[in-house]
Amino acid sequence: MEFTVGQIAEVLQGSVEGDATQPVNRLAKIEEARAGSLSFLSNLKYEHFLYTTQATVVIVSRTLELKKPVSAALIRVDDPYTSFTALLEFYQQASRTGKRGVEEPAYMAASASIGGNHYRGAFSYIGENCEIGADVVIFPHVFIGDRVKIGDGTIVYAGAKIYAETVIGQRCTVHAGAVIGSDGFGFAPQPDGSYRTIPQIGNVVLEDNVSIGANATIDCATLGSTIIREGAKIDNLVQLAHNVEVGRHTVIASQTGVSGSTKIGDFCVLAGQVGMAGHLTLANRTTVTAQSGVGKSIKQEGVLLQGSPAFGLRDSLRANAIFRHLPELERRLRLLEQQAQPPEKP
Amino acid sequence: MEFTVGQIAEVLQGSVEGDATQPVNRLAKIEEARAGSLSFLSNLKYEHFLYTTQATVVIVSRTLELKKPVSAALIRVDDPYTSFTALLEFYQQASRTGKRGVEEPAYMAASASIGGNHYRGAFSYIGENCEIGADVVIFPHVFIGDRVKIGDGTIVYAGAKIYAETVIGQRCTVHAGAVIGSDGFGFAPQPDGSYRTIPQIGNVVLEDNVSIGANATIDCATLGSTIIREGAKIDNLVQLAHNVEVGRHTVIASQTGVSGSTKIGDFCVLAGQVGMAGHLTLANRTTVTAQSGVGKSIKQEGVLLQGSPAFGLRDSLRANAIFRHLPELERRLRLLEQQAQPPEKP
Amino acid sequence: MEFTVGQIAEVLQGSVEGDATQPVNRLAKIEEARAGSLSFLSNLKYEHFLYTTQATVVIVSRTLELKKPVSAALIRVDDPYTSFTALLEFYQQASRTGKRGVEEPAYMAASASIGGNHYRGAFSYIGENCEIGADVVIFPHVFIGDRVKIGDGTIVYAGAKIYAETVIGQRCTVHAGAVIGSDGFGFAPQPDGSYRTIPQIGNVVLEDNVSIGANATIDCATLGSTIIREGAKIDNLVQLAHNVEVGRHTVIASQTGVSGSTKIGDFCVLAGQVGMAGHLTLANRTTVTAQSGVGKSIKQEGVLLQGSPAFGLRDSLRANAIFRHLPELERRLRLLEQQAQPPEKP
Chain A
1 MEFTVGQIAE VLQGSVEGDA TQPVNRLAKI EEARAGSLSF LSNLKYEHFL
51 YTTQATVVIV SRTLELKKPV SAALIRVDDP YTSFTALLEF YQQASRTGKR
101 GVEEPAYMAA SASIGGNHYR GAFSYIGENC EIGADVVIFP HVFIGDRVKI
151 GDGTIVYAGA KIYAETVIGQ RCTVHAGAVI GSDGFGFAPQ PDGSYRTIPQ
201 IGNVVLEDNV SIGANATIDC ATLGSTIIRE GAKIDNLVQL AHNVEVGRHT
251 VIASQTGVSG STKIGDFCVL AGQVGMAGHL TLANRTTVTA QSGVGKSIKQ
301 EGVLLQGSPA FGLRDSLRAN AIFRHLPELE RRLRLLEQQA QPPEKP
Chain B
347 MEFTVGQIAE VLQGSVEGDA TQPVNRLAKI EEARAGSLSF LSNLKYEHFL
397 YTTQATVVIV SRTLELKKPV SAALIRVDDP YTSFTALLEF YQQASRTGKR
447 GVEEPAYMAA SASIGGNHYR GAFSYIGENC EIGADVVIFP HVFIGDRVKI
497 GDGTIVYAGA KIYAETVIGQ RCTVHAGAVI GSDGFGFAPQ PDGSYRTIPQ
547 IGNVVLEDNV SIGANATIDC ATLGSTIIRE GAKIDNLVQL AHNVEVGRHT
597 VIASQTGVSG STKIGDFCVL AGQVGMAGHL TLANRTTVTA QSGVGKSIKQ
647 EGVLLQGSPA FGLRDSLRAN AIFRHLPELE RRLRLLEQQA QPPEKP
Chain C
693 MEFTVGQIAE VLQGSVEGDA TQPVNRLAKI EEARAGSLSF LSNLKYEHFL
743 YTTQATVVIV SRTLELKKPV SAALIRVDDP YTSFTALLEF YQQASRTGKR
793 GVEEPAYMAA SASIGGNHYR GAFSYIGENC EIGADVVIFP HVFIGDRVKI
843 GDGTIVYAGA KIYAETVIGQ RCTVHAGAVI GSDGFGFAPQ PDGSYRTIPQ
893 IGNVVLEDNV SIGANATIDC ATLGSTIIRE GAKIDNLVQL AHNVEVGRHT
943 VIASQTGVSG STKIGDFCVL AGQVGMAGHL TLANRTTVTA QSGVGKSIKQ
993 EGVLLQGSPA FGLRDSLRAN AIFRHLPELE RRLRLLEQQA QPPEKP
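These protein sequence lines are chains A, B and C, in that order. 130 is the number that the numbering used here gives to position 130 of the first sequence; each next residue is one higher, with no gaps. The numbering used here runs 346 ahead of the 1-based position in the second sequence. The numbering used here runs 692 ahead of the 1-based position in the third sequence.
Extracted from the complex, chain A is given alone in its bound form (with noise of 0.2 Å):
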């Protein structure tokens, strides 16, 4: 894509100061930008950028006042800031999301339905009797199983597989790779050492405004549904086991794991590489910091977790800080020992 700058300007109502033909392809942090890029200027603390910046133009204040000359030509808006956003919104939809239309081949079952404006790229699978909204758009290879829904304005990225029975909600986005209704992993022993299979017939269910990253994996449920409510957001390589719950706009970092039948409450933040033992019960606003390992229920709201297992962040911190001094603890315990009792006669 290729615009000029005075396209630009119009767009987002702003005045240009400098050349206004000059094409602009990218966009950019202005310490980064090069020649073809545009930029912008909202937090002053970076203005001596703006005298030094290779961008072609600079989206900056309609107040701003220059100290120096600068080489970029300018857009004056109101609010830089939300200038630019717009544009990154538009960007990103006009390259990655925007696409319509249906590349062959690419198969759909006689019996499912789909939404107007929509996008099925090649290799794309849809099973019989979907039901998949409008607005929707399904990047190549990716596999929709049999009965799945899928609400209005949902991104599915290339080769997602979504099991059947799946349900989705609206404006969800769901990345490459991701696994999302696979078998619980439910084996029942048997008396000679080996394992039968337990079967998994529930499904998962996405509310709407839930993302889903990359190669993550969220199994089915055994019996009823593995639910992701409203506005959450997975990260990548997460794992989410059978019967699992997330709560409303609960943020999940990536390479975390949740043990079967959790409930994790809404706004709970989970930082990266979590693992969760099952059957526990997490409370609204829990934050659990990376690499903890959380063993029981937590039941009051708004508590910090750290550690493997887990506990108190600020107890979690003292203790780590001694730990690293136990070869010297050790040692003063030694010597108290010894003035306690005088070594005994060779």
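Please note that a few of the clues may not be correct.
Stated by the list, open to error - Derived lysine-lysine pairs resembling DSS-like cross-links, with alpha carbons at most 27 Å apart:
{"hint": "1", "chain 1": "A", "residue 1": "45", "chain 2": "C", "residue 2": "841"}
{"hint": "2", "chain 1": "B", "residue 1": "375", "chain 2": "B", "residue 2": "414"}
{"hint": "3", "chain 1": "C", "residue 1": "841", "chain 2": "A", "residue 2": "29"}
{"hint": "4", "chain 1": "C", "residue 1": "721", "chain 2": "B", "residue 2": "645"}
{"hint": "5", "chain 1": "B", "residue 1": "642", "chain 2": "C", "residue 2": "737"}
In short, the hints are calculated from the structure, not lab data.
On the provided structure of chain A, position chains B and C as indicated by the hints.
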């Protein structure tokens, strides 16, 4: 799928109390069941749910005596749990794994062979000289490289990738996005600090009744085979490196990683997010708790390990109990020091 | 593939002792070799295997003097290890990475270009305005988004997903299921506790000779580029967040996660399951042991880190050695307390 209460009773050789013509289209727990659901009551601890459930029909024992009126229809059988499990297995088979036939376009090399009664989903790929058994289910977007062998009754879910030369036994399950046979992570350091890739020409062997989780990765051997023995169950996002061996009926939970050439015994249990160093041997019936890091071989059978680095579970629990109180321990030590040696004069 | 002993000897410029007409179809370690295998003996520590091996043929040094009769044929060369490695590379090239031509159906946008001598597997997808080099191998189900650039000699295995705008250098390897260029995990908290998605419009750049493991995920930059520099090797299931930089010839083992904007130096080694916080800088030649959690920048080169939170390896080993004996430490402390302050009278 939809059946009447009467049809289900007939299959289960049970007797109906109530309206046998009602349709049923899902299975559910008795406390979560809604209209249209079939549920069961086995453990009498949950009998009170029978009198409030919204299920359309509940499977109960022939000998159950009702204490109150029940709105659901009943199917009376000898053993409600066994009957319900049979329905679960039937349901899963019918809805997911019972697909048969070929959806076009699907790719199979002319030199490959496949047994009868199979399913090959659209966009599935079978390479040269593959030998695939009967009753095999291959979902869309599955990649099967050249010279792969797969036994009867195995199911490969959407988008699993099986590299060339892999050997898979009978009645295995490979979940969506799993990668089997990728190159081992082998690089020889060069004098200039760069790395030269060591060719990885071995393969992966899955014996019978093995289950591989979604987006799990199993590297091929450098030479020889990475082997997953009979009945082993591997969860989502597990990493098994080159030349690893996993013993019979061993269970490995999600996000665990096993480094190169490590041999895990039979009937072991590795919980989630465990890490194992390379070139270790783990005796039969070893259990490793979640997030532990195993750095040494275990020769004695039946050991329980915890911690990173891992040692005996009981000792680990005790050490962790003290760890939390390290600040207090340090304070007590300081107090003793002060008592032993009065502060110097100012 | 099958060759005769004589054909292999000719390629290696070696001389045959024994039956040169025997067929060989696999390479194996000398102690594991069966009929049909070719093996080698380089380290004389393993010479005893030569007299018991079931290999069809063994590559040995021209100068080796036999102490007992050998049933295998021999190929005598100057340097058995180098000759065997050459065969390994030839074998891998022939069996996996030497594919050429186009299998139908494959999708390539009319505006995309690709150099000569390439392979495009069935169901592979190449988007608009892509520029793909020569000698490139693209396995089935690979997704390459719009405007991606890929250098000569790069191999992309089955089902890897490369988002739009990604730039990949020469002779890179991307393993099956890897996702390159997914959205960074960026969400701006709103006053009501919900999150607004921050558009991620940057890209990912892989320089030359980079290797990416199976099902690894590399997020695009918010603005600018996530960069993996020349010769870096990234293992399976690794997560690299938005705007991360990985230095030249750095090795990152399986299941490690690096948070946003962290810069890792050249020649570093991160072992498996390591976690790194965001916005850190790691000096060249830093080594981090398995399962460690790095929360601070490291400015000095050549440091070894361990633990979660991580500190110097030697101090960490010492602290862990005491940690195991914390219960005993506490008992010793209690004893001193009792000595210092006799128990009160009953």
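Okay, the hints, checked on the actual structure:
1. A:45 to C:841: 36 Å, violated
2. B:375 to B:414: 20 Å, holds
3. C:841 to A:29: 23 Å, holds
4. C:721 to B:645: 26 Å, holds
5. B:642 to C:737: Cα-Cα ~25 Å, so holds.
Checked against the numbered hints given earlier, the structure breaks only hint 1 and satisfies all the rest.
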